[in-house]
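*Asks:* Using the hints provided, position chain B relative to the given structure of chain A.
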Amino acid sequence: MIVEIGHFALVLALATAIIVSVLPVIGVHRRDASMMAVATTGSLVMFGLVALSFAALTWAYVVSDFSVKNVWENSHSLMPLIYKYSGVWGNHEGSMMLWLLILVFFSMLVAVFGRNIPETLKANVLAVQAWISLAFLLFILLTSNPFLRLDPAPAEGQDLNPILQDFGLAIHPPLLYLGYVGFSVCFSFAVAALMEGRIDAAWARWVRPWTLAAWTFLTAGIAMGSYWAYYELGWGGWWFWDPVENASFMPWLAGTALLHSALVMEKREALKIWTVLLAIMTFSLSLLGTFLVRSGVLTSVHAFATDPSRGIFILCILAIFIGGAFMLFAWRAPTLKAGGLFAPISREGSLVLNNLILTVSTATVLTGTLYPLVLETLTGEKISVGAPFFNMTFGLLMLPLLIAVPLGPMLAWKRADLYGALQRLWVFAGLALLLGLLLWYMQNGGPVLAIFGLAIGCWGMLGAIADLWYRGNFGKLPVMTSLRRLKGLPRSAWGTAFAHFGLGVTVVGIVAASAFSTEHVVEMKQGQTADAGGYSLTFDGFREAVGPNYTEERGHFTVRSGGAVVSDVWSSKRLYTARRMPTTEAGILTFGLSQLYVSLGDPMDGGGIVVRIWWKPMILCIWGGCLIMMVGGFVSLSDRRLRVGAPSRKAKPVKAVMEPAE
Amino acid sequence: MMELERLRLPLTVTLSPLAERRSRQADEGLRGFLVKLMLALFFLFTPIQAFAVNPDEVLKDPALEQRARQISAQLRCMVCQNQSIDDSNAELAKDLRVLVRQRLTDGDTDKQVVDYVVSRYGEFVLLNPRLSGKTIILWSMPIGLLIAGIFALVIFVRSRPARRSSEVLSAEEKAKIDELLGR
Numbered sequence: 001m002i003v004e005i006g007h008f009a010l011v012l013a014l015a016t017a018i019i020v021s022v023l024p025v026i027g028v029h030r031r032d033a034s035m036m037a038v039a040t041t042g043s044l045v046m047f048g049l050v051a052l053s054f055a056a057l058t059w060a061y062v063v064s065d066f067s068v069k070n071v072w073e074n075s076h077s078l079m080p081l082i083y084k085y086s087g088v089w090g091n092h093e094g095s096m097m098l099w100l101l102i103l104v105f106f107s108m109l110v111a112v113f114g115r116n117i118p119e120t121l122k123a124n125v126l127a128v129q130a131w132i133s134l135a136f137l138l139f140i141l142l143t144s145n146p147f148l149r150l151d152p153a154p155a156e157g158q159d160l161n162p163i164l165q166d167f168g169l170a171i172h173p174p175l176l177y178l179g180y181v182g183f184s185v186c187f188s189f190a191v192a193a194l195m196e197g198r199i200d201a202a203w204a205r206w207v208r209p210w211t212l213a214a215w216t217f218l219t220a221g222i223a224m225g226s227y228w229a230y231y232e233l234g235w236g237g238w239w240f241w242d243p244v245e246n247a248s249f250m251p252w253l254a255g256t257a258l259l260h261s262a263l264v265m266e267k268r269e270a271l272k273i274w275t276v277l278l279a280i281m282t283f284s285l286s287l288l289g290t291f292l293v294r295s296g297v298l299t300s301v302h303a304f305a306t307d308p309s310r311g312i313f314i315l316c317i318l319a320i321f322i323g324g325a326f327m328l329f330a331w332r333a334p335t336l337k338a339g340g341l342f343a344p345i346s347r348e349g350s351l352v353l354n355n356l357i358l359t360v361s362t363a364t365v366l367t368g369t370l371y372p373l374v375l376e377t378l379t380g381e382k383i384s385v386g387a388p389f390f391n392m393t394f395g396l397l398m399l400p401l402l403i404a405v406p407l408g409p410m411l412a413w414k415r416a417d418l419y420g421a422l423q424r425l426w427v428f429a430g431l432a433l434l435l436g437l438l439l440w441y442m443q444n445g446g447p448v449l450a451i452f453g454l455a456i457g458c459w460g461m462l463g464a465i466a467d468l469w470y471r472g473n474f475g476k477l478p479v480m481t482s483l484r485r486l487k488g489l490p491r492s493a494w495g496t497a498f499a500h501f502g503l504g505v506t507v508v509g510i511v512a513a514s515a516f517s518t519e520h521v522v523e524m525k526q527g528q529t530a531d532a533g534g535y536s537l538t539f540d541g542f543r544e545a546v547g548p549n550y551t552e553e554r555g556h557f558t559v560r561s562g563g564a565v566v567s568d569v570w571s572s573k574r575l576y577t578a579r580r581m582p583t584t585e586a587g588i589l590t591f592g593l594s595q596l597y598v599s600l601g602d603p604m605d606g607g608g609i610v611v612r613i614w615w616k617p618m619i620l621c622i623w624g625g626c627l628i629m630m631v632g633g634f635v636s637l638s639d640r641r642l643r644v645g646a647p648s649r650k651a652k653p654v655k656a657v658m659e660p661a662e
Numbered sequence: 001m002m003e004l005e006r007l008r009l010p011l012t013v014t015l016s017p018l019a020e021r022r023s024r025q026a027d028e029g030l031r032g033f034l035v036k037l038m039l040a041l042f043f044l045f046t047p048i049q050a051f052a053v054n055p056d057e058v059l060k061d062p063a064l065e066q067r068a069r070q071i072s073a074q075l076r077c078m079v080c081q082n083q084s085i086d087d088s089n090a091e092l093a094k095d096l097r098v099l100v101r102q103r104l105t106d107g108d109t110d111k112q113v114v115d116y117v118v119s120r121y122g123e124f125v126l127l128n129p130r131l132s133g134k135t136i137i138l139w140s141m142p143i144g145l146l147i148a149g150i151f152a153l154v155i156f157v158r159s160r161p162a163r164r165s166s167e168v169l170s171a172e173e174k175a176k177i178d179e180l181l182g183r
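Those sequence lines, one after another, are chains A and B.
In terms of UniProt numbering, the first sequence opens at residue 1 and continues consecutively.
In terms of UniProt numbering, the second sequence opens at residue 1 and continues consecutively.
Same shape as in the complex, but just chain A (with noise of 0.2 Å):
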């Protein structure tokens, strides 16, 4: 009954996404105010109807109701609690549930938060939302209904995948929509600004604070699937330039763009056009990243079904969304009014070079992506672009982009003084390289070119750091003065101070991790010692153990550091016995920051096991980076101006005010 209610509710959901994305639009060509309040309700009641209908799917998957088809395809009644309830969107139907619910959710926050938008507007974004409601809701009813049911009902499940049962499903998921689907508020404002013909820095201060939650929860739900990937999969790398993961990447690469050009378009009123541009596009490559996961036109782990009448109805959504709100912008955007002037050597132009450098990376991410697939669609011939491919075009591309980033803060608006920008910043780029040089030597050498590449990860924290400096004024004024001044910064200097600090780090650490990293494989028999990253494991054998719903073998490794027992570490390999899938459990020391990984391999004759080990230095900076970015995101995000929002247009400077004081 309760499964049935579920459904029943997202049919109602539908019905309010019709009403939502016609009504609000003809209020606002009538100027009916009534007519228009039904967008905000509207957006109310689908999210509490959306919210219901997964509660319900929800509740199905908790009590193990076998006669839902979905439950029983990817649950089992011996799995643990946690994992019933992130096996709901462990699969196809369950994920676009989430993906839908969190599209309402954002829905909902615009309704709910959004008061000082002006009412058209409003009702605009809120249609257009609605829209994007509607094609979705259809597309899960028509094409990936999670609550059929079977008759009979089957006894026990079919377990969800074991790669999937982990901590990670519970977060990644959710983060990771978070960010995509976030994008969709500031392609509603895009598309709703076009359809009014009016656009100004107002509407750039409204939609900034989306762009930043999106952009902040993209870059949370990344990290983490990197980090699920890295300690999962068991061979310890962290990126594969998979086509799902830059299924994800793309929209962050074209939000951090718009984020930036966003600041420009608020702050001077420039690039009015572009960033129109900017926020449809990004929604569009998110749009896009769902139908590649989602079609199963990418094999990868995370395409959980294939189904061909999906993937044409998701290509229908893309090409009407994607379609559509470039025609629009073709048709409108030539009657919205060109903003601020400015020189190329100043604020405004580092951020058009950072827009234009991200703005190729993503063009370059999007053709290595789609380039075997359109290659044999046309010609029939096959060939494959992997990591060797991204890792140089992109890494060119990011080069004088990350040398850039401190500069960038440095300059003025309007127009500004490169020369003075470098004159300030070269103690801070002499200081870059010497700890580039620094960290080198502490890592016993290695590539020379390491160097260089530690060395822009410094010069990225220390130009964060050296932003503050100044606009501080230490040195200048008494300490405790400049302290204050810092306090007294606005919270966006100090999110973009965490966030270009964040990305120092985190360039840190892949270059370190990739230059630096050992690797050993080794044959043990138990009590045999191998030697890695300066410490000594010594294979102590095997444990059997069996799990709620696999079994494993434990092997147990005691670690050593000149002869005395710093630690012991457990690495194993799991049998998922409904599935009969295997899966290894790495073992993972974390010294500082640096890692040991070790993850077992297969049995060798004469009973030894293959046992690969990592050493790999200083490898949680790439993490621990973007955490500190999305710090630096959610700190911005507290700035008073984006919670107190655009002054009210009402309020006219009074003419008293402005006589002169004579």
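Calculated directly from the structure, the hints in this document are not laboratory data.
Ideal placement from N, C-alpha and C gives every residue a C-beta, glycine not left out.
There's no promise every hint is true.
Said to hold, decoys possible - Straight-line alpha carbon distances no greater than 27 Å define the calculated BS3-like cross-link-like pairs of lysine-lysine that follow: (1) Lys337/A / Lys174/B; (2) Lys94/B / Lys525/A; (3) Lys414/A / Lys476/A.
To be verified - Not everything, but these chain B residues come out facing chain A in the computed CB check (under 10 Å): (4) Val53; (5) Asn82; (6) Ala171.
Said to hold, decoys possible - Take a look, some chain B residues computed to stay more than 10 Å from chain A by CB distance: (7) Asp56; (8) Val58; (9) Arg103; (10) Gly107.
*Replies:* Below, chain B alone, put in the same frame as chain A:
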């Protein structure tokens, strides 16, 4: 396979950095630096990783083994989703790893080994596609777009002051300014 060969343009450049690396004269001057830079970027995100290499496959000569690993990282495991033969524990990947090592021990250069594998499996096996007629768009995309973007920006910047100067204040606006300034 014949068709693949035919389609490749005469100006085919092997972008395999391994081949470049072998030409030591390239190390001179700026070009040498650039080659090294490309090489470094090439392997930047590819941490030395080998889930699949088993101890019995490893060659005795460390230099040769190093070369084998670098070649393996660029060859696709044909039956896997998106893995190099160096990462994969599939049976076919193991065969290819052994084959690469066999050819290297027999004295092949890196380029010869890669060419041999390509002749057997086609270009699909290369994770880093070669520059040829069918990949020209792929390879020229980053640099082409960058140039196009810069070009568009230059035109944009040049065209703007002209547009702005034509914006003349209306009489009404002038009157308002005078009023505000108390003139």
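*Asks:* Run every hint past the structure and note whether it holds.
*Replies:* Quick rundown of the hints versus the structure:
no., hint, in the structure
1, Lys337/A / Lys174/B, "21 Å, holds"
2, Lys94/B / Lys525/A, "23 Å, holds"
3, Lys414/A / Lys476/A, "26 Å, holds"
4, Val53, "6 Å, holds"
5, Asn82, "5 Å, holds"
6, Ala171, "20 Å, violated"
7, Asp56, "8 Å, violated"
8, Val58, "7 Å, violated"
9, Arg103, "20 Å, holds"
10, Gly107, "25 Å, holds"
Violated hints for the displayed structure, listed by number in ascending order: 6, 7, 8.
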